[in-house]
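Novice: What follows is the residue order along each chain.
There are 2 protein chains.
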Amino acid sequence: MMQPLRNLALEAATVGTTASVLGWDQETRMPERSAAWRGRQLAWLSGRTHELRTSAAWSEAIDEALQGELTPRERATVVEMKRRLERARRIPTELVEREAELTSQSKHAWAGAREDNDFPRFAPMLEQLLELAREKAERWGYDDEPYDALLETYERGASTVAIASLFDKLGPSLREIASAAVERSASRPFTLPPGPYPVAAQQAFNREVAEAFGFDFSAGRIDATTHPFCTTLGPADVRLTTRYDQADFTSSLFAVMHEAGHGLYEQGLNEDDFGTPAGEAASLGIHESQSRLWENHVGRSRTFWQAWLPRARAHFPCLGDVDLDTFMRHVLRSDFSLIRVEADEATYDLHILLRFDLERRLLRGELSVSEVPEAWNAAVQAAFDITPPDDRRGCLQDIHWAMGGFGYFPTYTLGNLNASQLFAAACREDSVRLAVEEASYRPLLEWLKTHVHEAGATLSPPRIIRDATGTEPDAEAHLQHLRERYLG
Amino acid sequence: MMQPLRNLALEAATVGTTASVLGWDQETRMPERSAAWRGRQLAWLSGRTHELRTSAAWSEAIDEALQGELTPRERATVVEMKRRLERARRIPTELVEREAELTSQSKHAWAGAREDNDFPRFAPMLEQLLELAREKAERWGYDDEPYDALLETYERGASTVAIASLFDKLGPSLREIASAAVERSASRPFTLPPGPYPVAAQQAFNREVAEAFGFDFSAGRIDATTHPFCTTLGPADVRLTTRYDQADFTSSLFAVMHEAGHGLYEQGLNEDDFGTPAGEAASLGIHESQSRLWENHVGRSRTFWQAWLPRARAHFPCLGDVDLDTFMRHVLRSDFSLIRVEADEATYDLHILLRFDLERRLLRGELSVSEVPEAWNAAVQAAFDITPPDDRRGCLQDIHWAMGGFGYFPTYTLGNLNASQLFAAACREDSVRLAVEEASYRPLLEWLKTHVHEAGATLSPPRIIRDATGTEPDAEAHLQHLRERYLG
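Sequence lines, in order, name chains A and B.
Here our numbering is used: position 352 in the first sequence is 352, and no number is missing along the way.
Here our numbering is used: position 8 in the second sequence is 8, and no number is missing along the way.
Keep in mind that the hints were calculated from the coordinates and are not lab data.
Just to be clear, a hint being listed does not mean it is correct.
[To be verified] Not the full set, but computed from the structure, chain B residues with beta-carbon under 7 Å of chain A:
no., residue
1, P31
2, P235
3, L479
[As the list claims (entries may be wrong)] Cβ pair distances, simulated, as ranges:
no., chain 1, residue 1, chain 2, residue 2, range
4, A, E371, B, T93, 34 to 44 Å
5, A, L434, B, H227, 41 to 51 Å
6, B, G195, A, D390, 42 to 52 Å
7, B, T93, A, E64, 19 to 29 Å
8, A, V199, B, V161, 22 to 32 Å
9, B, E101, A, Q26, 22 to 32 Å
[Said to hold, decoys possible] Pairs of lysine to aspartate or glutamate residues, derived as DMTMM-like cross-links and limited to a Cα-Cα distance of at most 25 Å, are as follows:
no., chain 1, residue 1, chain 2, residue 2
10, A, K107, B, E32
11, B, K107, A, E11
12, A, K136, A, D116
13, B, K449, B, E176
14, A, K136, A, E183
15, A, K449, B, E32
16, A, K169, A, D325
17, B, K449, A, E11
Using N, Cα and C, we set each Cβ at its ideal position, and we do this for glycine too.
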């Protein structure tokens, strides 16, 4: 790739990762009274980033690069940069700043409304957020419906109709599996010894596991937050967070496994391509495949705990002499939860299906904001046979809409489907499977690097899945995985 | 003040505090492999800050403001902004970026040279740093010698000749006091019970003390670093750091008192003036007066420990039943240390006097870089009657020159002198003195806010001292304080 374009991309990444440092600090360290000033800092940075990424210099450097000699990987990188430039240029800086201000306010309003269980207070803000989302969709353009344009932000090339059709087929099987898993879990309850499991011991154990997965702590770290996340502050700076429950060490552990999955992807991207699509994740659906793979396919497996239960006992004497089979009932317990972020593997996707349906109807104008609580509760009742007692545990639980993130939710389930396809494909290689069975993860990580990480965003998400697994993206592997694990 | 100027100042402060967030993270959290990228982020931010602060828009807004109606405080603010603008405009952006790159490299080179006790390896870098300092001094201009121009960066209006004359007078008295203090301390040794003093208990105790001084934790926090510091990340975000020694809880405590003194100043500045000279510290010599006042005048006093020793015992049972008089021998112990940052109150300023003399001679060309180790060791021998066994504990110990900070050192002693004058003046008010004697600090903090903090940088440092104490800045109060405490 030509040097001018590379330099521009590095400058934009410099500014973008500066915002990430501020965002990380905001979630983990910032004193409460500093929120307004931090909003100002982040707004300034997003303005500068948008200016850089839509500049004439950027556009000229792209066109110049496309006229030169390029390797296929370089060409794919520049073509993707051009797609992003054209998309970004449809949004004026004024709108970017307006959105930054609105979402800064609405996140605050949402947090207050959730705490007070007061949906009507949040409703006018949600109207504005929807209006803004529609405005962006119109500016970006779409084939079938506005939701397509929003989805594109998170999952390049995905279509609303295709996801709806996939989810429609998935729904009945998921409900069947979930019901059986919940029933089986209830029939053989197991209560973890009550602890306390000291935070320091959890930290030590989590770190050992993350290192065993291959996470590089010389280029990353783990901190504590209310909601776990993973963020990249530079080519050698990937931060994970988790939250600690002194009554259950697996709570922080599975969060670390999940975020380490994201972090391993970020660390597996080509460092020399940092700041360009070749050094960036392909999509949220691919990103989530990595977190789910390490959390669920590796971390909730019997072979993992065969090796790690004895080490857990060494860290947590209060765990006592619980045997592997009994402990696995804790790892694989299933229940219909009202809260998505607390949902288990067998029931999780049902939460996503209902959110996708609701936000799509909102964007199509088939559902009004005031009807959301009732529609939400009806959908939960239909899926789980329970009704949320309040909106806090219903339609106010997630931050996504308050951030303007319409179109984000379906990528969670795409991630689950991708994870199952990728893990099955990786395990078809003997060297990977045999190592995994012995709780050795280097060959698996190498496989993922080769088949997923190294492409960055130079390939489309479906192309990555197809090349890595030999099949089109679909739900079969995921349903098979869930059936084997929860009905087998 | 006129709104356009205020908006420009806020934008520059937004970018400047963004760099502070990155600097704080670098010192406290950043994974080791991320140093190069962080350097790139900080260089970009310093380039943008310099551009903003030297822009035509800034210059026009200042001139426009000066033609309007202004209160005296507003006029002083704008005049100071004009002074800074003119000073900044003498340095081209190219030099700012060159300096950012050089100091980024030299800090790294210095750290390695110090670790390996290898001054010759650092020497070429020191030559370049001196050359750059001379270049900046020439561009800024000066009356008597280049050192004046560098000093101005840290202590507006100070003159090298005046400081040299002050330090010359101070030297003999300081040496006399220090020798007596060291002798007395040696004659009645006391060893603190060995602990361990757990870090969690130290954190709780330190926080109680900082809160008692008046530090607002809703707009600040304390973290751990190798070298304690205080930094401001926004109008309501002041971060302190300390380091923990499990064998001596007073080590982290006195560092917290010191940094909280800086932090109380930052929190005491007018929040509405943030980003303008009216909301910024007057100078380093005034800043250091606040840290020394709380650390030494308050924190090392018998009245403080009368109230707080029982609370220390509650936090640290291993402290045993040591009585107040015995414990005060630990608080006021004195020794000729080779290391400035470990030096006690009675010997500290002697470290500064020798550094000022050396760096002044370096700038005048009277001392060459290769002669530094020998000159350093001779000065230490003359002052303390000991000779550093190596350069690591000699001329390589401080980071200041590696940061290009020639002219910084004397502000430490100016701070000590200011602290003694200010504390004596504050205690001439009965309400302050009586409260301090009962370990109640709100009236003292209010006095400092009124007499020091509120002026920001709208008054010169000597004017602040004169207005607050009724006398010109001088060394009398400090010598008297040291004599009473260490010879009394």
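Novice: Among all the numbered hints in the text so far, which are the ones the structure does not match?
Specialist: Hints 3, 4, 8, 10, 12, 13, 14, 16, 17 are the ones this structure does not satisfy, whereas the remaining hints hold.
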